[in-house]
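A.B. asks: Chains as they are written, first to last, in my numbering: chain A, 3 to 345; chain B, 3 to 345; chain C, 3 to 345.
Please keep in mind that the hints were generated in silico from the structure rather than gathered at the bench.
Check each hint, because a few of them may be wrong.
Pairs count within a copy or across copies, as identical chains cannot be separated in the list.
Derived lysine-lysine pairs resembling DSBU-like cross-links, with alpha carbons at most 30 Å apart [said to hold, decoys possible]:
id : residue 1 : residue 2
1  : Lys-283   : Lys-31
2  : Lys-143   : Lys-31
3  : Lys-96    : Lys-313
4  : Lys-121   : Lys-96
5  : Lys-318   : Lys-31
6  : Lys-21    : Lys-295
7  : Lys-170   : Lys-143
8  : Lys-170   : Lys-96
9  : Lys-313   : Lys-31
10 : Lys-313   : Lys-143
11 : Lys-80    : Lys-318
12 : Lys-21    : Lys-143
This is what each chain is made of:
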Amino acid sequence: MYPKNAWYVACMPEEIADKPLGRQICGEKMVLYRGVEGAAKALEDFCPHRGAPLSLGFVRDGNLVCGYHGLEMGCDGKTVAMPGQRVRGFPCIKSFPVIERYGFIWVWPGDPAQADPAKLPHLAWAESPDWAYGGGLYYIKCDYRLMVDNLMDLTHETYVHASSIGQKEIDEAPVTTRVEGDEVITSRHMENITAPPFWKMALRGNDLPDDQAVDRWQVCHFTPPSHVLIEVGVALAGKGGIDAPQNEKAGSIVVDFITPETETTHWYFWGMARNFKPHDKELTASIREGQGKVFGEDREMLERQQENLLKHPERKLLMLNIDAGGVQSRRVIDRLLAAERPA
Amino acid sequence: MYPKNAWYVACMPEEIADKPLGRQICGEKMVLYRGVEGAAKALEDFCPHRGAPLSLGFVRDGNLVCGYHGLEMGCDGKTVAMPGQRVRGFPCIKSFPVIERYGFIWVWPGDPAQADPAKLPHLAWAESPDWAYGGGLYYIKCDYRLMVDNLMDLTHETYVHASSIGQKEIDEAPVTTRVEGDEVITSRHMENITAPPFWKMALRGNDLPDDQAVDRWQVCHFTPPSHVLIEVGVALAGKGGIDAPQNEKAGSIVVDFITPETETTHWYFWGMARNFKPHDKELTASIREGQGKVFGEDREMLERQQENLLKHPERKLLMLNIDAGGVQSRRVIDRLLAAERPA
Amino acid sequence: MYPKNAWYVACMPEEIADKPLGRQICGEKMVLYRGVEGAAKALEDFCPHRGAPLSLGFVRDGNLVCGYHGLEMGCDGKTVAMPGQRVRGFPCIKSFPVIERYGFIWVWPGDPAQADPAKLPHLAWAESPDWAYGGGLYYIKCDYRLMVDNLMDLTHETYVHASSIGQKEIDEAPVTTRVEGDEVITSRHMENITAPPFWKMALRGNDLPDDQAVDRWQVCHFTPPSHVLIEVGVALAGKGGIDAPQNEKAGSIVVDFITPETETTHWYFWGMARNFKPHDKELTASIREGQGKVFGEDREMLERQQENLLKHPERKLLMLNIDAGGVQSRRVIDRLLAAERPA
Numbered sequence: 003m004y005p006k007n008a009w010y011v012a013c014m015p016e017e018i019a020d021k022p023l024g025r026q027i028c029g030e031k032m033v034l035y036r037g038v039e040g041a042a043k044a045l046e047d048f049c050p051h052r053g054a055p056l057s058l059g060f061v062r063d064g065n066l067v068c069g070y071h072g073l074e075m076g077c078d079g080k081t082v083a084m085p086g087q088r089v090r091g092f093p094c095i096k097s098f099p100v101i102e103r104y105g106f107i108w109v110w111p112g113d114p115a116q117a118d119p120a121k122l123p124h125l126a127w128a129e130s131p132d133w134a135y136g137g138g139l140y141y142i143k144c145d146y147r148l149m150v151d152n153l154m155d156l157t158h159e160t161y162v163h164a165s166s167i168g169q170k171e172i173d174e175a176p177v178t179t180r181v182e183g184d185e186v187i188t189s190r191h192m193e194n195i196t197a198p199p200f201w202k203m204a205l206r207g208n209d210l211p212d213d214q215a216v217d218r219w220q221v222c223h224f225t226p227p228s229h230v231l232i233e234v235g236v237a238l239a240g241k242g243g244i245d246a247p248q249n250e251k252a253g254s255i256v257v258d259f260i261t262p263e264t265e266t267t268h269w270y271f272w273g274m275a276r277n278f279k280p281h282d283k284e285l286t287a288s289i290r291e292g293q294g295k296v297f298g299e300d301r302e303m304l305e306r307q308q309e310n311l312l313k314h315p316e317r318k319l320l321m322l323n324i325d326a327g328g329v330q331s332r333r334v335i336d337r338l339l340a341a342e343r344p345a
Numbered sequence: 003m004y005p006k007n008a009w010y011v012a013c014m015p016e017e018i019a020d021k022p023l024g025r026q027i028c029g030e031k032m033v034l035y036r037g038v039e040g041a042a043k044a045l046e047d048f049c050p051h052r053g054a055p056l057s058l059g060f061v062r063d064g065n066l067v068c069g070y071h072g073l074e075m076g077c078d079g080k081t082v083a084m085p086g087q088r089v090r091g092f093p094c095i096k097s098f099p100v101i102e103r104y105g106f107i108w109v110w111p112g113d114p115a116q117a118d119p120a121k122l123p124h125l126a127w128a129e130s131p132d133w134a135y136g137g138g139l140y141y142i143k144c145d146y147r148l149m150v151d152n153l154m155d156l157t158h159e160t161y162v163h164a165s166s167i168g169q170k171e172i173d174e175a176p177v178t179t180r181v182e183g184d185e186v187i188t189s190r191h192m193e194n195i196t197a198p199p200f201w202k203m204a205l206r207g208n209d210l211p212d213d214q215a216v217d218r219w220q221v222c223h224f225t226p227p228s229h230v231l232i233e234v235g236v237a238l239a240g241k242g243g244i245d246a247p248q249n250e251k252a253g254s255i256v257v258d259f260i261t262p263e264t265e266t267t268h269w270y271f272w273g274m275a276r277n278f279k280p281h282d283k284e285l286t287a288s289i290r291e292g293q294g295k296v297f298g299e300d301r302e303m304l305e306r307q308q309e310n311l312l313k314h315p316e317r318k319l320l321m322l323n324i325d326a327g328g329v330q331s332r333r334v335i336d337r338l339l340a341a342e343r344p345a
Numbered sequence: 003m004y005p006k007n008a009w010y011v012a013c014m015p016e017e018i019a020d021k022p023l024g025r026q027i028c029g030e031k032m033v034l035y036r037g038v039e040g041a042a043k044a045l046e047d048f049c050p051h052r053g054a055p056l057s058l059g060f061v062r063d064g065n066l067v068c069g070y071h072g073l074e075m076g077c078d079g080k081t082v083a084m085p086g087q088r089v090r091g092f093p094c095i096k097s098f099p100v101i102e103r104y105g106f107i108w109v110w111p112g113d114p115a116q117a118d119p120a121k122l123p124h125l126a127w128a129e130s131p132d133w134a135y136g137g138g139l140y141y142i143k144c145d146y147r148l149m150v151d152n153l154m155d156l157t158h159e160t161y162v163h164a165s166s167i168g169q170k171e172i173d174e175a176p177v178t179t180r181v182e183g184d185e186v187i188t189s190r191h192m193e194n195i196t197a198p199p200f201w202k203m204a205l206r207g208n209d210l211p212d213d214q215a216v217d218r219w220q221v222c223h224f225t226p227p228s229h230v231l232i233e234v235g236v237a238l239a240g241k242g243g244i245d246a247p248q249n250e251k252a253g254s255i256v257v258d259f260i261t262p263e264t265e266t267t268h269w270y271f272w273g274m275a276r277n278f279k280p281h282d283k284e285l286t287a288s289i290r291e292g293q294g295k296v297f298g299e300d301r302e303m304l305e306r307q308q309e310n311l312l313k314h315p316e317r318k319l320l321m322l323n324i325d326a327g328g329v330q331s332r333r334v335i336d337r338l339l340a341a342e343r344p345a
């Protein structure tokens, strides 16, 4: 159950740098590649000749050449040529709208007529030289909505990430959740606490002392179909928290683009954008490594939670205060799903 | 098809020494752990909050803490606490009766009201300082009853274990099978034969010559639901066989507790108890290693037999004299299954 | 969908040299072994006693002994003996007609009454001292007919085998396909071209220069149920191509015996027979290694093509000129399938 009329992150540019990439998104097996003038394109990964996956082929003069018998496919899904054949009557394959922006390749797996670029989220940090970004990709065997739940309720940090970003104060601080149109925002503020290891590292990276009390914040923003951006950070205690001056805090944005593959698997594009020391590549690498470890800790929990839910589909899960972010996000998703259903 | 109102071995104590253990028994996904004062406990492996497996959590003050969001579960399946939440209305999860005895953790996966400790088998060897025990655990992909068949017909030793405990005389000696209530006993006695390699080792371990003719015995005891204890041994020839004086024989008890996981998989707890040189830990380790190899030889045969039977469910298998032990054991199991069926 | 009344290659002799072999052919789980006087035999891989796979047993005095409890099975599927048992009433298992010829073990998985040795193809090269053969076996997860298609349309060499035997001239040269009874022949001739790497090696192996223009040919012969023999080679340009004198060309026969396991998996016996330097074992090994790499390149394409077709069973594939060989071969197969269907 995923909306198909939406922009999803399909891949990172480096994944199609050398050759086409086969990836299933929202049930659609696609081949992603760079066509004429390097523009990112997405087609059905199915050669109309004999059903070979086009992702095993290569690009020549902007066309995708099937690696089995050399059929040349255009970016509109119409066959351009084939050795020794007339191709006019060949059946078309689907092509999917693609946009490359903010350092990602985005795809619209649903009705192409509705693919409005204006529906892409605006990511200011991805366009500014004052920000740096580092991230990665995990393949997770669970419903993408379990990942949304996970990210919209950071209480789990205390337990799942006890050794890095978790701390007891998180689940002691109350959360507030509000809905603004299709956006769901869950906020938590902790005052006068000790910074956990990950944030001590970030403080040092920002030339701040790592042994003083801090105010910490987590503000999670869900936007459809399944993007979660989380403002996180710590400021030296009493300096204003999230609103403290830049030189008193270390803040960043946790970036999560969650792309369904099937009903029970998804691609998880994770990363962090920060606006301090944006040119320090070593710091970027170090944060990326730490974050990769943290997000790897969620995987076993989520995949085994999925197994449990599949074994007991009849059970109703609880919806507590801390779950409000996920619950509200699912309501937004349900609205989109209802809108896609034929009348 | 397994009785659920019965005591099964769930795990060995060392498996829950440091952290909770997730294990499926008779179709029930359980978490086994040590609660208040170290008492072994078993609960459904399903957090009532969001379905996370509780086995990924930890124990604090005798309660099981969910590793996802910190819900604290009591050993009765009722939630004790959760950070920032009232938990009175939370749904209960199943708890399973547990007994720790004889060096094993036993669980009753069926109706708790019928879980009578008196139904646990009495294992005298496990309580006596004159006996030593060593054993292990294998995961086997076949119906647990194929393992019962296997152990109640040791003819297979000649073929499956030709290089260790098998010998031609086994399948030449007749077996006798008798049923006493719910117990099935299959006996085989071989006289004046050469000891096979495993028993030569045991003779040497018992300070007896390993190059003389021996009398050998195998007396298999099945008791429900799926316990098989086998008296095995050799005595110097003509000294009385199983009844020979202690210093003329090397005898022991092969211990097999067979715990269904699903219809076609099971946990196989195997071991050997002996009443000679009980304090010789090196001998225990050596026997354990040898036995581990022997029981590993059964695995491929049983798993591929299972595949064959699944492919041909319509075929009736033969029930020969040598199969009487297994056949009678299955009749006992069938009686228990019938008794569990709702009227 | 495979004909069962046909001779298929079941295995190579070395696969049953030391012990019985379990292999599924056309849906039938078989055990292949050498019985009385070393004659190759095939039986159902199912012991009538308890369903154990007979392929885990061993041969004694020409009979197959079950490795579980010692049942002795004759090559006709009737139990010969069992320790301590009368076996007259034991049910029979299926036996399958077997012929060993041309360096292969052939089996007839269908109705034994129709198993006519005269229906075996005649392979002159396999009986002549002027020819050498080297080959191997791959397990491929696709419908065997996708492999027939692959081999009856060598256009794919340009794309799949670009670095070894492929070259642009292949898909530029027209193919002609003709049907002679149950045989389908697809021919392609290329004139005055550069030899690709594999053929340069063969030319050198035949003491011919590898830097001159050549004429190249590919003549594919399909015969039922799924044998494809391909005459391939190069001659120095203008010497007559396939008809050039022996010392002006390097030619050989690509040998492909394709044996279905299930509807979507098969055993692929591949090899090459050549009539130059037949005694040069190093050359045989070198060709075999090169060919093994080439045929390995087809595997991913075929298996992923199969996945695509299973996902889209409703789609009709195209049948182009280049596909005529495969299309005609499938017609022959369809005729055989229709003939096997009960009226």
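A.B. asks: If a hint holds in the structure, say so; if it doesn't, say that too.
C.D. replies: Against the structure, the hints come out as follows:
For the homomeric pair Lys-283 and Lys-31, neither the shortest alpha-carbon distance inside one copy (35 Å) nor that between copies (47 Å) is at most 30 Å. In the homo-oligomer, the alpha carbons of Lys-143 and Lys-31 lie at most 30 Å apart both inside one protomer (17 Å) and across protomers (20 Å), since each shortest distance falls under that limit. In this assembly of identical chains, the alpha carbons of Lys-96 and Lys-313 lie at most 30 Å apart only when taken from different copies (15 Å versus 36 Å within one copy). When the C-alpha separation of Lys-121 and Lys-96 is checked against a cutoff of 30 Å, the pair qualifies only within one copy, where the shortest distance is 21 Å, while the shortest distance between copies is 47 Å.
Only between protomers do Lys-318 and Lys-31 lie at most 30 Å apart by alpha-carbon distance; the minimum there is 18 Å, versus 32 Å within a single protomer. In this assembly of identical chains, Lys-21 and Lys-295 lie within 30 Å of each other by CA distance both inside one copy and across copies; the values are 28 Å within and 22 Å between. In this homomeric assembly, Lys-170 and Lys-143 come within 30 Å of each other (Cα to Cα) only inside a single copy, at 29 Å, whereas the closest approach across copies is 43 Å. When the C-alpha separation of Lys-170 and Lys-96 is checked against a cutoff of 30 Å, the pair qualifies only between copies, where the shortest distance is 29 Å, while the shortest distance within a copy is 51 Å.
Taking identical chains as interchangeable, the C-alpha atoms of Lys-313 and Lys-31 lie at most 30 Å apart whether they share a chain (27 Å) or sit on different chains (10 Å). When the C-alpha separation of Lys-313 and Lys-143 is checked against a cutoff of 30 Å, the pair qualifies both within a copy, at 15 Å, and between copies, at 20 Å. In this homomeric assembly, Lys-80 and Lys-318 come within 30 Å of each other (Cα to Cα) only across copies, at 16 Å, whereas the closest approach inside a single copy is 47 Å. Taking CA atoms no more than 30 Å apart as the test, Lys-21 paired with Lys-143 passes in both settings, with 26 Å inside one copy and 25 Å between copies.
When held up to the earlier numbered hints, the structure conflicts with hint 1 and nothing else.
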